[in-house]
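The whole structure should be built from the sequences, with the hints applied where relevant.
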Amino acid sequence: MNKLTTAARSGWARGLIEFRQLFTTPQDLVAFLLPNVIFMVAMAFLRAVPTGATGLSIGTLMVTSVLGSNVCFTGLLTMTQALSTEREDGTLLRAKAVPNGMLAYLIGKVVVITGATVVGLAITLTYALLAFDQVAVPGPAGWLKLVAVLVVGLFATMPVGAVLGSLFANPRMIGFASMPIMALLGVSGILYPITVLPVWVQWLAQAFPMYWLGLGMRSSLLPDSALAVEIGHSWRGWETFAVLGVWAVIGLALAPAVLRRMARRESGSTVAARREKAMQRIG
4 MNKLTTAARS GWARGLIEFR QLFTTPQDLV AFLLPNVIFM VAMAFLRAVP
54 TGATGLSIGT LMVTSVLGSN VCFTGLLTMT QALSTEREDG TLLRAKAVPN
104 GMLAYLIGKV VVITGATVVG LAITLTYALL AFDQVAVPGP AGWLKLVAVL
154 VVGLFATMPV GAVLGSLFAN PRMIGFASMP IMALLGVSGI LYPITVLPVW
204 VQWLAQAFPM YWLGLGMRSS LLPDSALAVE IGHSWRGWET FAVLGVWAVI
254 GLALAPAVLR RMARRESGST VAARREKAMQ RIG
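Going by this note's numbering, the first residue of the sequence shown is number 4, and it counts up by one from there.
Worth flagging that the hints you see were computed from the coordinates, not collected in a lab. All C-beta atoms, glycine included, are put in the ideal place defined by N, C-alpha and C. Hints may be right or wrong, so weigh each one.
Pairwise CB distance ranges, derived in the manner of DEER restraints [to be verified]:
(1) 102 with 227: 49 to 57 Å
(2) 102 with 170: 24 to 32 Å
(3) 255 with 141: 29 to 37 Å
(4) 11 with 201: 44 to 52 Å
(5) 15 with 39: 24 to 32 Å
(6) 144 with 38: 29 to 37 Å
(7) 12 with 252: 26 to 34 Å
(8) 141 with 5: 39 to 47 Å
(9) 201 with 100: 46 to 54 Å
(10) 93 with 189: 35 to 43 Å
(11) 207 with 248: 15 to 23 Å
(12) 248 with 170: 20 to 28 Å
(13) 235 with 44: 27 to 35 Å
(14) 195 with 16: 41 to 49 Å
Structure follows, in structure tokens:
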């Protein structure tokens, strides 16, 4: 058995353990489910609010768009949060001390984040299919596209999240990453049609994965009447996968070098210094 296989098996086992802990620890489970519950309640009030041009309600457009934004949030912020938190508490240092430990650690994170994303997507999608009449998956081709958008979206966001997590020395700095992402939420066509925004804002939003993830999910679940509020009145399937693919390539190219640099700088003294600073802030 070669080193890569060993690391993969170890990472898979680690990821499954963390995934199981997520759904068996009450605090983690509440933190995971609460945003979904709040979202479902909010969408229920928007089921009958029409958009006019599409014949669909605002709630119908939003419920499908949020499926894409959730992939972006989970892939980016969860990976960023995990790396920065476990860098501070010494988990990364312990992983570094084991042969191929960093690789196994990262594989474990990919497993647990992917699993959490799929579960969250399944919950929201089930709600959307049951509560909104015009939300539907049009046969095997629709399911295939939905899964493809999910997979490519994770590849486009998780490596970037790993890069961001490597740059932040502690989890209290995550706000520097979350604020721009929240700003993108407001301009990426998730909360309302992007075509109501100025053209320059539309171009800005199209440079980032969140818009394309939302578009990909809408194209998989909504009727063609929704094209009335889309850019160019098209689902732009090839463009969706092309832009997400570019982000995946960028992330996969940068992440290994950045992570190696971060691992080289980890030592017992740096972890101890971070802990001391954290205790001082608490005190």
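To see whether the hints hold, each was checked on the structure:
1. 102 with 227: 49 to 57 Å: Since residue 102 and residue 227 have Cβ atoms about 54 Å apart, the given range 49 to 57 Å holds.
2. 102 with 170: 24 to 32 Å: Since the Cβ atoms of residue 102 and residue 170 sit about 26 Å apart, the hinted range of 24 to 32 Å holds.
3. 255 with 141: 29 to 37 Å: 32 Å, holds
4. 11 with 201: 44 to 52 Å: 47 Å, holds
5. 15 with 39: 24 to 32 Å: Because 26 Å falls inside the window, the suggested range holds.
6. 144 with 38: 29 to 37 Å: Given about 30 Å between the Cβ atoms, the range holds.
7. 12 with 252: 26 to 34 Å: Holds: the Cβ-Cβ distance is about 27 Å, inside 26 to 34 Å.
8. 141 with 5: 39 to 47 Å: 44 Å, holds
9. 201 with 100: 46 to 54 Å: 52 Å, holds
10. 93 with 189: 35 to 43 Å: For residue 189 against residue 93, whose Cβ atoms are near 37 Å apart, the range 35 to 43 Å holds.
11. 207 with 248: 15 to 23 Å: 20 Å, holds
12. 248 with 170: 20 to 28 Å: Holds - the Cβ-Cβ distance for residue 248 and residue 170, about 24 Å, lies within 20 to 28 Å.
13. 235 with 44: 27 to 35 Å: 34 Å, holds
14. 195 with 16: 41 to 49 Å: The hint (41 to 49 Å, Cβ to Cβ) holds, given that residue 195 and residue 16 are roughly 43 Å apart.
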